[in-house]
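Required output: the full structure, derived from the provided sequences and hints.
Okay, here's what each chain looks like letter by letter:
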Amino acid sequence: MKKIRLQVNGTWRSGWAAPGQTLLEFLRTELDCTEVKHGCGKGDCGACTVILNGMAVDSCLVLSLQVDGSAVVTAKGLGTKENPHPLQKAFIETGAFQCGFCTPGMILSAKALLDTNPQPTKAEIRRGLSGNLCRCTGYRKIEEAVTAAVDYSSKNHGSTEDSTH
Amino acid sequence: MKYIGKRVPEIHGWAKVTGQATFTDDLRLPGMLHAKILRSPHAHARIRGIDVSKVLQLPGVVTVMTGKDTPGIKYVAQVSDMYPLAMDKVRYVGDPVAVVAAESEEIAREALSLIEVDYEVLPAVFDPREALKQGAPQIHEDKANNLVLTIKRDFGNVDQGFAESDFVFEDEFSTQAVPHCNMEPRSSAALMNTEGVLQIWSGTQSPYFVRKEVAHVCNLPISHVQVMEIHCGGGFGSRSKYCEDEGVTALLAIRTGSPVRITFSREEEMTTTRIRHPFNIHLKTGVKKDGTFVARQMDLIVDKGAYCHYGPAVTGYAAGTAASHYRVPHFRFTGDVVYTNKQAGGPFRGFGAPQAIFAIESQMDTIAEKLGIDPLELRLRNANQSGDTTACGWQITTCGLEECLQKVVSSTNWQEKWKAEKTGRFRQGIGLATAIHVSGSNVFPDGEFSSIEIKMFLDGQVSVYKGSGDTGTWANTVIAQIVAEELQLPMEKVRLISMDTETTPQSLGSFASRVAFEDGNAARMAAIQLRNYLLESASARLQVPGEELQIEQGQIVYQEDAEKRISYGDAVFHSPRCVGHLLNSFYQYVPNTVRLTPQGYANVSAAYAFSAQAAEVEVDTETGQVRVLRFTVAQDVGKAINPIAVEGQIEGALAQGMGYALTEELIVDPETGRVVSDCLDRVMLPTVMDIPQEQIFLVETCDPEGPYGAKGVGEIGLNPTAAAIANAVHNAVGYRAHKLPIEAEDVYYFLHPEKR
Ligand code: FES
Ligand code: FES
Chain A
0 MKKIRLQVNG TWRSGWAAPG QTLLEFLRTE LDCTEVKHGC GKGDCGACTV
50 ILNGMAVDSC LVLSLQVDGS AVVTAKGLGT KENPHPLQKA FIETGAFQCG
100 FCTPGMILSA KALLDTNPQP TKAEIRRGLS GNLCRCTGYR KIEEAVTAAV
150 DYSSKNHGST EDSTH
Chain B
0 MKYIGKRVPE IHGWAKVTGQ ATFTDDLRLP GMLHAKILRS PHAHARIRGI
50 DVSKVLQLPG VVTVMTGKDT PGIKYVAQVS DMYPLAMDKV RYVGDPVAVV
100 AAESEEIARE ALSLIEVDYE VLPAVFDPRE ALKQGAPQIH EDKANNLVLT
150 IKRDFGNVDQ GFAESDFVFE DEFSTQAVPH CNMEPRSSAA LMNTEGVLQI
200 WSGTQSPYFV RKEVAHVCNL PISHVQVMEI HCGGGFGSRS KYCEDEGVTA
250 LLAIRTGSPV RITFSREEEM TTTRIRHPFN IHLKTGVKKD GTFVARQMDL
300 IVDKGAYCHY GPAVTGYAAG TAASHYRVPH FRFTGDVVYT NKQAGGPFRG
350 FGAPQAIFAI ESQMDTIAEK LGIDPLELRL RNANQSGDTT ACGWQITTCG
400 LEECLQKVVS STNWQEKWKA EKTGRFRQGI GLATAIHVSG SNVFPDGEFS
450 SIEIKMFLDG QVSVYKGSGD TGTWANTVIA QIVAEELQLP MEKVRLISMD
500 TETTPQSLGS FASRVAFEDG NAARMAAIQL RNYLLESASA RLQVPGEELQ
550 IEQGQIVYQE DAEKRISYGD AVFHSPRCVG HLLNSFYQYV PNTVRLTPQG
600 YANVSAAYAF SAQAAEVEVD TETGQVRVLR FTVAQDVGKA INPIAVEGQI
650 EGALAQGMGY ALTEELIVDP ETGRVVSDCL DRVMLPTVMD IPQEQIFLVE
700 TCDPEGPYGA KGVGEIGLNP TAAAIANAVH NAVGYRAHKL PIEAEDVYYF
750 LHPEKR
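First to last, the sequence lines map onto chains A and B. Position 131 of the first sequence, counting from 1, maps to 130 under numbering that gives the first Met the number 0, and the rest follow consecutively. Position 29 of the second sequence, counting from 1, maps to 28 under numbering that gives the first Met the number 0, and the rest follow consecutively.
What the hints contain is simulated information worked out from the structure, not anything from laboratory work. It cannot be assumed that every hint is accurate.
As the list claims (entries may be wrong) - Partner residues are not named here, just some residues of chain B that face chain A (Cβ under 7 Å, in silico): (1) Val16; (2) Thr17; (3) Gly233; (4) Arg265; (5) Glu267.
On a predicted model such as this, the values are computed, not experimentally measured, just so you know. Ideal Cβ placement from N, Cα and C applies to all residues, glycine included.
This is the structure:
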């Protein structure tokens, strides 16, 4: 066991990391970041996606001991109810979720895509979301939402960067 | 109307886009224990003994429980045949044998390896046709030949019908097992509180079914079980009645006195929860020369797996669908529900209809081809019509089937594509299929009703109490819209409390496409009643006749003189009905339907929905690979209370239907009975890359019984999809699929028989 520090959504947090423990387990059990979802634990579903040092990763495939000192962004860290992140606003307006279990991961994969490629093509959006499974929506509204978020962002001539970074 | 028919955002949206919607595994209760289930490695074995002595020596373990430590009561289900933990026998790989509760999941998992079970391995049987044979291993002591029961239907005079037919068609079809693959793995948490009430959290569609089953296996009165509100990460039928972990969690909570949770691994979710039943289907249809249907007979062998769960109801619904899909004067059905040593089936979106419709709609194209009738024409000739009573007694008040077919055909340029010559390596084809489905179904002894309670506060806002769950279908949003409409309140002023058996009034649950329809009717009536109470109070207060008052955005206004007005809050305060500063309204909706009898003749639903779908595919003749290019759907939704929600249901159903047709399968090793496709990767769910173009038309027939005319929409979108794809594949390359999923290998060998 080792105490590690992570910057989660801009705030430094610490907790006990154990050998073999994944970042997903660390976030959920040590830090109670339950907005990061456990769908499979082996890289198949993308529900556990977080942004780790600027890159979208399946947190179930990363060991907690390896990320001491890193910065993590979860879906909770993107915007506020009054001032939602363009992706959050677009997901709500488009209706891009049903049960909402895949949604945090889906939004973070989309965010990582838009951060590096603010004007993605339809094919690029699809590729960016291809590691995230959704059993409810049939994906159509999710694609629409990401497209809408691109529009909002370019209209606000801002970026899709969140406030914590 | 302000909210009805509008694209209103989901009311739990902010919680969902931030990940703050709380699912059972997200709960944090002080002192919570974590439990893991030890499961059988054998498909069929007798338990000679279980040695748990080493387990308690492991630090962090709190308790270990086997069947012997429980009251030994089986779940009720439809045929009571399963204990929460095996008593003396295991019947499939994955059957729960023991459970350990510990301080952490890791410790509980480690502890499982310390349990020693002495098994006497028995011969197992995995094919239901083998299971029916003399001398097959007997899975349940009381069921000879492993036959749970046979569902029979006989309407009209089928033999005479076949005799009068010009042609009789007979075909065999088979369909596969599919796991639901809800993104949230099963999880349940329980706590015995100091009042002796067992509180249980379980993402469920039907809290009252959960309450019934948990109370039963724990030997508690139902008043001592409270199912708590929690988000559910997808239902699709898998959470529609009860799940077998709920009883185990509850028993552990009672035993330990601590809060306990069991969360399944993905592998457990895939290999031990209820799945879509595989069917073997024999379909015989008699037709006249002009294509008119005269008689239909369907005989099923339903692979039940190791336990019955709701298999008889699923089989019965397949019968209802087969008796009602298109006009069929004479109808006969047998459905043998057969135990095998495999994971058990249960409700799954469509409830037996997708299997039956795959057969009916596939054969439909064969009939059209043989008779030289256009497939569209054949469907139109036999289409259900408003005012029809089907062979099994379903009374169709409004029917948009014909309109749906025409819409799909005209917007796809169907005739041209259907007849186009198919050449080259990549060949395109188009296929049609349709469906019928209930809006709620009067089948269970638990009753058929929905109730809604609304409380208005002194600030003029309301809380709506709804007994059924919302697994992500937007049911809560739709109910809130209805209340907002009738009370002319902004959506933010309507709060939804759902599925808490202690506080929300009882409803059957959210399955059988019933919530928008039945809960919707209850919500509408409860809201109208509350509005009348407000008007009554305002009328007395303002000294003007009630009919001349108007309600708008929290105010009740006298039409003649707008100065004369009173807020909702004041109307609540001054109402003689106001109790504890609240104005309450309650309504129980009971549809005018008939409970299904063993003979199977009854009008089980108050409204029937219809759908027509066209699938366009491309087949690679060099690999046999099928790719769906486009879906066109026209669905008789009655009235779309929230078009986003309705489209979402259809789009989600199409993806599931496409997976059902082409890739998804729970594969079981025929030697050991072990599930091979035990992870999401191997079941091959569609990803965003697989989604074709889609065009969706909502046909609004405005059913007189539906709230604002609405019908059920949750399931029907999946029912015809596999058949439409199968028909498109046939149109493209001439391959007639008799089994699902349609595998590239089979298409390839059909096209290249010499390579076999
Ligand atoms: S939980 Fe990490 S990919 Fe599924
Ligand atoms: S919304 Fe339920 S899994 Fe995507």
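Taking the hints in turn, this is what the structure says about them:
no. : hint   : in the structure
1   : Val16  : holds, 4 Å
2   : Thr17  : holds, 5 Å
3   : Gly233 : holds, 5 Å
4   : Arg265 : holds, 4 Å
5   : Glu267 : violated, 11 Å
The structure shown violates just one earlier hint, number 5.
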